[in-house]
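S.K.: Chain by chain, the residues:
Protein chains: 2
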Amino acid sequence: MILSALLTSVGINFALCLLFFILYSVLRNRPSYADFYIPRLVAEGKFQEDDEFSVVKLLSSFKWVKRACQPSEEELLANSGLDAVVFMRIFTFGLKVFRFAGIVGICILLPFNYMGNQLNIDFTDLPNKSLESFSISNVDDGSNRLWIHFAAVYIFTAVVCYLLYYEYDYIASKRIAYFYSSKPRPGQFTVLVRSIPATSGRSFSESVESFFSEYYPSTYLSHSVVRRTSKLRGLVNEADKVYKRLVHVKSKKHPQQRFKRAGFMGLFGRKLTLLDHYEKKLEDVEGNVRTERSSIAGKEVPAAFVSFKSRFSAAIVSHVQQGVKPTEWITEQAPDPQDVYWPFFSASFIKRCARSYSFGSVGGLVTFSERHIKLKIVSQVITGYFPSLILEMFLSLVPPVMIVLSSIQGYIALSQIEKSACIKVLWFTIWNIFFANVLSGSALYRVDVFLEPKRIPELLAVAVPGQASFFIAYVVTSGWTKTFSSELFRLKRLFWSFLKGTLCWKSDEELEVPSNPYHSEIPRILFFSLLGMTYFFLAPLILPFLLVYYCLGYVIYRNQLLNVYAPKFETGGKFWPVVHDATNFSLILMHVIAIGIFGLKKVPLASSLTIPLPILTLIFNSYCRRRFRPSFKGYPAECLINKDRFDQSDPTISSFYDELATVYRDPAMKSVRYSEARESSSSPLLYGADK
Amino acid sequence: MILSALLTSVGINFALCLLFFILYSVLRNRPSYADFYIPRLVAEGKFQEDDEFSVVKLLSSFKWVKRACQPSEEELLANSGLDAVVFMRIFTFGLKVFRFAGIVGICILLPFNYMGNQLNIDFTDLPNKSLESFSISNVDDGSNRLWIHFAAVYIFTAVVCYLLYYEYDYIASKRIAYFYSSKPRPGQFTVLVRSIPATSGRSFSESVESFFSEYYPSTYLSHSVVRRTSKLRGLVNEADKVYKRLVHVKSKKHPQQRFKRAGFMGLFGRKLTLLDHYEKKLEDVEGNVRTERSSIAGKEVPAAFVSFKSRFSAAIVSHVQQGVKPTEWITEQAPDPQDVYWPFFSASFIKRCARSYSFGSVGGLVTFSERHIKLKIVSQVITGYFPSLILEMFLSLVPPVMIVLSSIQGYIALSQIEKSACIKVLWFTIWNIFFANVLSGSALYRVDVFLEPKRIPELLAVAVPGQASFFIAYVVTSGWTKTFSSELFRLKRLFWSFLKGTLCWKSDEELEVPSNPYHSEIPRILFFSLLGMTYFFLAPLILPFLLVYYCLGYVIYRNQLLNVYAPKFETGGKFWPVVHDATNFSLILMHVIAIGIFGLKKVPLASSLTIPLPILTLIFNSYCRRRFRPSFKGYPAECLINKDRFDQSDPTISSFYDELATVYRDPAMKSVRYSEARESSSSPLLYGADK
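Here the protein sequences line up with chains A and B, keeping their order.
In case it helps, the UniProt record's numbering puts the first sequence at residues 1 to 691.
In case it helps, the UniProt record's numbering puts the second sequence at residues 1 to 691.
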């Protein structure tokens, strides 16, 4: 790609970003769009409708940028939880890393690359200059200037490792501090017990009761056995649907729409009022729900949530093997009630086993590459913009698929599913965007090359620099424009809701506050960081674009976390280890490429001297794993005991204990009172907990 | 090897065994040999001296065989602990397996092998017939008879897996039962805490005291901080040596030997009584010991043994992360006091780290093969006997080397060192005897063949059957004769002590009761089981010899456990998982060879149908690992709590608590009162614990 093509692409994307920015700023305060752009504020009742229009207001509507940057980390923590803080730390970490990389890359490496003569390019025509002249490919073979690149690789690695250590340490301490400051949460006091042994003449509930009250008489509080509710859940969903239709029909203005015929496909037979029809159907379904609910007592699953009076006792039970047989009384710390993935328990054991074995590694199956879309009309616009757009559309399908895979893999909590999907999406992205693009371009894309590990650096060194221009364009399209269009402007959702509103009846849906889709966003951000790290010394021209991406991302995601997303669960920063490992992987990938490049460029000494670097990085990673990872698995005895003691003096703890007894109940078991709701159709659904 | 050579070898070895058996039976009751053959009984005072000689007594001296077989497993358990029972279970397990294999192999497979015509051997001259005619090599290529071998492999695998499961289950339940029946042991109540954080102005002892009395006020009992005692230990050893010399000089009858000159090399200078010389030296050393001991208080190591009032609290502390930093307050269940490997703590931290990284895999460095001793005079005796004798002598050096390697690897308990050495010796034996012999014979002995995993079965199938005769001879020499000579007759030790007695002064050493060297014996037994399993369908002729070995071993080791060895530590059967894994490895090795053999013999269908077998075995192994392994790591909460409750009603528990406070003290710190001992030189050394 030549420089002018890149500039065209940047120009188009910049214009698009500006467009989305202005549209968003103007629309966000319009009441009709409030549900899209500030659903969280609306749900929390913090949004005042004000339909007036004035120029002053229009100008002040850009102030959201300032408001997004203003809150301190503590305010964000209080508002959105530790996961949101950790999520934003990925951006600040990226900014720190690429600020340093940018200074080194643009001020030192880029001039040296440009001064090289390897590629013999004409110097007079700058706009038509290939981007390659800014990359390491332009440095002469065997030139001593490559030692500057060598030093840059070493220094950069040291800086990134220092920052990684500092960040891991900071987040680990934040995690403890957050634990100390948080209110008692049911998950902390509760253990999920599985594989409860079957005793003849005794229900699982009785077994659990007798086991824990015998061995933990002073700390055992209560338990609730899990029941198989897949059928009930289906019925409740059906009831919900019928109820929604009923409400919809009631709200219709034209009375003729309220009728349908009773016979075949509603075309023949006697007329019925739709109202009567749905009311009757709802009654039927409600009857079924009641029948199913009363019979559910017998459908016990050998699993139970067992609650204790203190966090430490729950931790003890989850850490120490309970029964004599290691395959019975399997314990683990329970997720919080809203985090439990209930369908897990309804699946049969063998199904679950089969699942956990079969979905070890998906990904690497689908590959997409630039090659496939080599159109005849190779205009500058298309080379700059089109490939990455198609790639982007295809990739937007990946996160939902991975969530499905992870959810059938046997996790019991939504947060675990999301973390697992996050890792899957990350490797899928790295494999299918980075490696597939890089290796397909070099016509050496064969899996069997990985059977000869010695050739990998050479292969990557040949292939990776050639894709620099593609990835610069990718940062601009996927990084800049997609963040603006899809994240800030929520284009897809807006389009979808518009389609729904015009084509079919618009239902009076409740306002739905989404949660941050960590599993799709974290891999995206990490992939940009991987690009930045690998191309840092190869083609430093990518760095300014990345820095812009990180700045934009920081502002936009902060805004979204404050205004759009409400936390669905709280893992206490468990996503950070994923970020740490991925960054280490990026570093090692950079080292491998550096080894290959220095070899190709005929500086074998530099190549050999780079070999210790990946080894040192691996040692650093294993040290960090030992030093920090246990802090992210559970909480230490010291903290648990201190926090427990603090709670003992809290007067509200007894009411919390009462709550614990009922809080782990399958949501399908909670009764819904449609009948009351039916009286006044405008009132929202009433979900009453039957305590 | 031809049949007559084998018979010669068997004859020689049988005669040797008989010789050792008779010698042992006659000598064992002679008072002068009692220290060698029944040291345990002597130490326990159960041996009555009776120097009379009569024919009746001579005849009755063979009764030890009966006496060795008589005690039930419960009596053995009470006498020698669970480890001894588990050790004997290896023999009973082997007997069960090879009884079945022997019946199938000799009655079914052997006739079919013999009826084959592949090797075209003359049928009339049986004594000069090659042993190959009894092996699978003699079966015709593509013959349907190979399906009998195929069925045998499947059935044998099923039987072995069933027996393995049954045995694992049995030993796991024995382990729990033994735990319930055992007296309180200090290791159960104690946790070893390492990496105690340094606080300024506070000793480690104070840190430990304040930490555990704050967080475990109701269960914390006492602690003892470990001190760096390498210098003190050296001094105490020196004092011991000087004291022994002193005692020896005093016991001398000739007064002229009691003098030596003070000057150069004892040749010049004034005469000194040796007695005065040693007494003065002893006083000096004792002074040094006292000085060192008083200064040792400052040499604290950041490690401590912390005792609790109940087993369950100790288990909790060892399972749950204690401090906020995962690298501080590292806890693990403490070994029993006599099991602690004290030198570990004196090594510096960095040294320990370096060690634990560097000794991951030793072994496979030294290889010994039959080839190296191809002498000119190839007599039948030499082919049958000599190679395995030399191999045996070389291999006797391996276990001590492995113990040294394991002890510098960073284990804190002698039992852990022995278990680790056991695994090392096992792999060393399998690699250096089995693979080196097999692959060197086939001239395909290159490590790079393992880079092509697909060729391994073929390679083994070519090489393994050819070594059948060597391994049959090996079973006879190493299995039969070595068990008799070295284990029962204790030839090496007898020879050594004889040498000592004639060449230099014989010291009045105390009677030393040895412990069973699990690390050298278990790998030997398991290696024979590996031979039996791999050759079961290749050359069933090995099986009768193996069965004889297992029978002999059963009687002899039982005798040794009852009369010779005293348990040095008690792991509660932790050696069994090693046996289980090794047996599974043997099975898989057999399957791999079977896959290769069926391919070579041109029955590709049988070869393909064997492929699921190793996979099924691996699944079985991973199931057993999940099902049983946790039981061998610690004890479940249920048992710990029950046993603790039982102890609460025991009146002796308070005295046990008192004992706990002092029991984890470095043995070098316990004072030795030489002065008292000096008064009456004939009295044994008095080691008084300074409680």
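These are computed hints drawn from the structure, not numbers from a lab.
Watch out, some of these pointers could steer you wrong.
Claimed, not checked - To give an idea of the chain B side of the interface with chain A (calculated C-beta under 10 Å), a few residues:
1. A315
2. V317
3. K643
4. F646
Said to hold, decoys possible - Label pairs and their in silico Cβ distance ranges:
5. P217/A <-> K63/B: 50 to 58 Å
6. K633/B <-> A158/A: 48 to 56 Å
7. A158/B <-> K633/A: 33 to 41 Å
8. F646/A <-> P453/B: 55 to 63 Å
9. R627/A <-> S182/B: 47 to 55 Å
10. R626/B <-> P31/A: 34 to 42 Å
11. R626/B <-> S203/A: 43 to 51 Å
12. K633/A <-> K492/B: 47 to 55 Å
13. L27/B <-> E214/A: 38 to 46 Å
On a predicted model such as this, the values are computed, not experimentally measured, just so you know.
Note that CB positions come from ideal geometry on N, CA and C, so glycine has one too.
S.K.: Take the hints in turn and mark each one as holding or not.
M.R.: Hint check:
1. A315: Result: holds, 6 Å to nearest chain A Cβ.
2. V317: The hint holds - V317/B has a Cβ within 10 Å of chain A, the shortest such distance being about 8 Å.
3. K643: violated (12 Å)
4. F646: It is violated, given that the least Cβ distance between F646/B and chain A is near 14 Å, above 10 Å.
5. P217/A <-> K63/B: 50 to 58 Å: Holds, at about 56 Å.
6. K633/B <-> A158/A: 48 to 56 Å: violated (40 Å)
7. A158/B <-> K633/A: 33 to 41 Å: Given about 40 Å between the Cβ atoms, the range holds.
8. F646/A <-> P453/B: 55 to 63 Å: holds (58 Å)
9. R627/A <-> S182/B: 47 to 55 Å: violated (38 Å)
10. R626/B <-> P31/A: 34 to 42 Å: Cβ of R626/B to Cβ of P31/A: about 58 Å, so the range 34 to 42 Å is violated.
11. R626/B <-> S203/A: 43 to 51 Å: Once the Cβ atoms are compared, 27 Å apart, the range 43 to 51 Å for S203/A and R626/B is violated.
12. K633/A <-> K492/B: 47 to 55 Å: Holds, since K633/A and K492/B (Cβ atoms, about 51 Å apart) stay within the stated range.
13. L27/B <-> E214/A: 38 to 46 Å: violated (58 Å)
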